[in-house]
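Asks: For the record, the sequence lines run as chains L and F.
Count along the first sequence from 1, then add 1; that gives the number in my numbering.
Count along the second sequence from 1, then add 81; that gives the number in my numbering.
Beta-carbon label-pair distances, calculated as ranges: (1) L:44 to F:480: 18 to 24 Å; (2) L:11 to F:480: 17 to 23 Å; (3) F:422 to L:123: 56 to 62 Å; (4) L:11 to F:107: 54 to 60 Å; (5) F:314 to L:78: 54 to 60 Å; (6) L:76 to F:89: 26 to 32 Å; (7) L:76 to F:95: 35 to 41 Å; (8) L:64 to F:107: 56 to 62 Å; (9) L:123 to F:107: 44 to 50 Å.
No lab work stands behind these hints, which were simulated from the structure alone.
Think of the CB as a built atom: it goes at the ideal place given N, C-alpha and C, for glycine as much as any other residue.
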Amino acid sequence: MSLIELRNVSKIYRTGNLEVAALSDLSLTFAAGEFAVLAGPSGSGKTTALNLIGCLDQPTSGQVLLEGRDMGEAKPKELADFRLQHIGFIFQSYNLIPVLTAAENAEFTLMLKGVPHVKRRQRVEQLFEELGISGLEDRKPADLSGGQQQRVAIARAMAAEPHVILADEPTANLDSRTAEELLALMRDLNNRRGTTFLFSSHDDRVIAQARRVIRLEDGCLHDDTGPLS
Amino acid sequence: MLFRLASRNLWRNRRRTLLTLSAMVISASLLILALGVFSGMFEDMLASATEQYSGHMVLANPEYHKRRDMFAALPEQVAENPALLQATAIKGRSPRLRSFGLLSRDDSSQPAEVMGIRPELERQVTALHTKIVDGSYLVDDDPHGIVLGEGLARKLKLAIGDEVVFVTQAADGSIGNDLLYVRGIFATGDSRNDNSLVLADLLWLQTTLVMDGKIHEVAMSVGDPMQAAAIADKLNRQLPAETEVLDWGDLLPEMREVIATYDVSRMIFVSILYMATGLGILNTFFMSVMERTREFGILMAQGMRPWTVRWLVMLETLLMGCIALLIGLALGVLMTLFMATVGIDLSGHITPVTYAGGTILPRLHAVFEMSNFTVPAFMLLLVCLVAGFLPANRAARLDPVVAIREE
Chain L
2 MSLIELRNVS KIYRTGNLEV AALSDLSLTF AAGEFAVLAG PSGSGKTTAL
52 NLIGCLDQPT SGQVLLEGRD MGEAKPKELA DFRLQHIGFI FQSYNLIPVL
102 TAAENAEFTL MLKGVPHVKR RQRVEQLFEE LGISGLEDRK PADLSGGQQQ
152 RVAIARAMAA EPHVILADEP TANLDSRTAE ELLALMRDLN NRRGTTFLFS
202 SHDDRVIAQA RRVIRLEDGC LHDDTGPLS
Chain F
82 MLFRLASRNL WRNRRRTLLT LSAMVISASL LILALGVFSG MFEDMLASAT
132 EQYSGHMVLA NPEYHKRRDM FAALPEQVAE NPALLQATAI KGRSPRLRSF
182 GLLSRDDSSQ PAEVMGIRPE LERQVTALHT KIVDGSYLVD DDPHGIVLGE
232 GLARKLKLAI GDEVVFVTQA ADGSIGNDLL YVRGIFATGD SRNDNSLVLA
282 DLLWLQTTLV MDGKIHEVAM SVGDPMQAAA IADKLNRQLP AETEVLDWGD
332 LLPEMREVIA TYDVSRMIFV SILYMATGLG ILNTFFMSVM ERTREFGILM
382 AQGMRPWTVR WLVMLETLLM GCIALLIGLA LGVLMTLFMA TVGIDLSGHI
432 TPVTYAGGTI LPRLHAVFEM SNFTVPAFML LLVCLVAGFL PANRAARLDP
482 VVAIREE
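So that you can see chain F by itself, here it is in the shape it has in the complex (with noise of 0.2 Å):
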């Protein structure tokens, strides 16, 4: 009868218990709308800095990450190394060489990182086959061809079927040059990769740069990037000690930062949204309390604990929590679910943004994300939890010989 009469009583003042209602509703579904969003954002930033470039962890050569000495090479055999193989987290491993030189057409010339892969490897790394806006991408044995980045094609003024020549410095000393053709053109939204990214055929470069049999690095991918700093230790005690795994913090250490600092962030976003929801529910009920002194000292007199006046007028609170929670929880994944599937475009109006590695893209996106929905939903029970006790604590505390006089 508790619950029966807290639920009516939530429904004495209609007009008041809908407008708090509706307050906390909205603060709820909103900040699991933004919280997603944020989500979405930053996994656009993880995914830009790793998946379209990096992969999740690299294995390279101590000196190949401190220095990017050409000569700190590796053997390619060493992605076939059986503690790579026998990780099952690693989804991919794709072994690269990696050049840096000029890419000419006709009179123009710009700077370009030629990236020499074999391509049915990379795709399981990165996500550049997904990013072709033009042409298609490389596929194995074509060993002339290239795939380039939108803003490279556009200043070289290139198009698919372009011939284009590739100048570097070789591993002996010598000049390396060679022509090449454009098979397609990717657009990723980073500007880096953008104006300066080249994928060509590994044993073509190899060969190029004079070091047959050698790469520079091993991309890899795993299941859960958030992973990939434990996987990576586990990986550097099974190597052997002239290669070294760093994973995409090691790699991005400002990236890293960022996303440690989500979960403060996010909590300190959710308490200022629902400090101001919380000051109107306590309102609410203060004033639900100070109606029905009477009352409360009627219940008193007839034997009702204080602990148990306490309890009905926190039961309400929590009653009007739950409820809020369930239309909150039920808009905030209906509008998620928008944000997820539909989205926002600004391309029209904002360009990518780099930003500690990674690149936020023109566009509002969300994510599905377990604690975007618990953290909020928590945090409202508590919110009413500690806006109810204040009321109710008043409540239970009543004189019932004065409450009981009280019109």
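Isolated chain L (complex conformation) (with noise of 0.2 Å):
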């Protein structure tokens, strides 16, 4: 069974009598384990494919399974306990929550998941070591750099051990030195814990780094390099 599998996906926005095709007819499957990028240029529709697979949208047809199990028609809360359970995000923007220091940020989904607060911290300070962000804990995300802020991020994302890590464009406010690190930093935590990762980007720089290339033009499937045999 596919980790993740999209089925004849179309995703139509209407803006007033305006109908734009973000995703047309797509059908895309992802093993565990895989290290993948959706690449394409601004409006292919790759954001559309990560919000579809994290459950944070809902096809206008076809289907969306995630370890099997139709999204389609799941309720807000359900969707919502899904992300928490199996799903970790990284944006562009890092998106840390300003009044929380970095390692209340990182352990905000174990919060959400009633995990105590001493194991919390635990598994934070431990993900901090990975990361190479130790020292950190204490800090707000404004005292920190970019490329600070996206490993902290990383560690929000990784820290309820979800199946799949989906990355939207996460080096694209990062220079390129800092982009790279975390790359490899994402490859190695893909190599050594068998996290799914999944990201789009449209630097030819990142897409080298990454196992699978899915691209995307208007929406549709452009080209596939197909999954790790």
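Build the complex: two chains, separate frames, hints provided.
Replies: Here it is as structure tokens:
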């Protein structure tokens, strides 16, 4: 069974009388442990595809199956619970909660899962160690550099040990050196922990790091190097 | 952590939070003060109507209650009826005989109501002995001494020790008259009492009216005036048919209505004031939610349930409400304490107003009444919940995809 399966998925946005097809009849499958990139220019449907896979949005037609379960009929509460248990998000603008410290941001999903404080803190300290940001636990996001904030965002996504991490243009706001470091870090986590990483990018240097490249154009599948055997 | 997040969110826009908070504190504390002053005013009214004249309950012949018929008298021993003695709620019993006549000095006369009392027993029922402004209160075994209101004393140009003549009709049809001496002058602020009431010795009045051993009523005081009606009902079931106990509400029905409508008017007053405060809270939290739309999207993307998002915003409003409540209560208690102990004397500016049988004194003073604190406190938290619900609901119903795109 695939970890993620998109079956003939279409997504149409309506603005007044105008209809914009963000995705058209897209079918894809992802196995556990993949390190894949959705590539393509702006407006190609990368973010829409990630939103559908991340249960943040519903397709206009077609099916999104996560671990064999069709999420099309799920209620907002069920979608929230599924995201909490199975999916981690990394955003282009880091999107840390400004009033929480780095450690509090990272342990937020664990708090939502009801993990006791001591265990939360242990887990976060371990992740910060792995991500090379030990000592920054008590800093507020405003006191961190872009690279440090994105590492905290990765720690936040990883903390609850989700099956898949979705990253929307995770390096777009970073300088090339920091971007490469972070990509190497994500790939390392993928190798060591087997966590599935699925990210979107239009940066060739980022795309080059992926083991599977899916190219989208105008909402349609243009090219797929295919999953690793 | 949700609590921590809510409390930190509260201080993100410090100025806006402080402004809203100060509006809540001011409205809560002023409301507590205003309710305390209202209660003080009602207490004055009730006190003037009961503690200065009738007492909380009056036992009399039903005919005397209806027509003030001087012949509808009762034996003095009725004051010692076992039902009255056994009623522990009754704090004092004062037998009284009343007569209406003329009080004269030299060539001037004034109509007066002379109330024959036993001074030591009357002290347990009314507070006239505390209203003496000149001379002293009556003592037992002073058959020709009187105490009278300052208005009456002024009209007759009487001073302490002066001699006056009281003329009235006795029960046997003769003219009863006698010489009396002014021992004291009282001022209650109630013009009805101050201009006509005279306190005299009960035995002397019984002799003058040829009504030996008779009284017209037994005035009584109870611990809690609000329980007077229930106590009177109970006594009426135990006492013989030729006696009837009326509580202050029966004697002064307008006063009872005023007291009964107080709770309603208090809720209206609280509602109006808090409506304005609620709009302020609503505005603050709507702004706060709008500014954090993207953040709510991120929280939802991480798996926060819509209900938890709603609770987070409600928690922020409740926290603000609790802070406002604590400061507002403290300020309210301090201001009420000041008004209860010091108050503001307005006697130089306004005169006493008699309304519904009670007198509103020319002063602002407050009394401590638990409901004057619990009602504003409960209502403030309720307003916070109601005002917080709309923005909280908006946050909970956000579409995460749209919210995350929000700048």
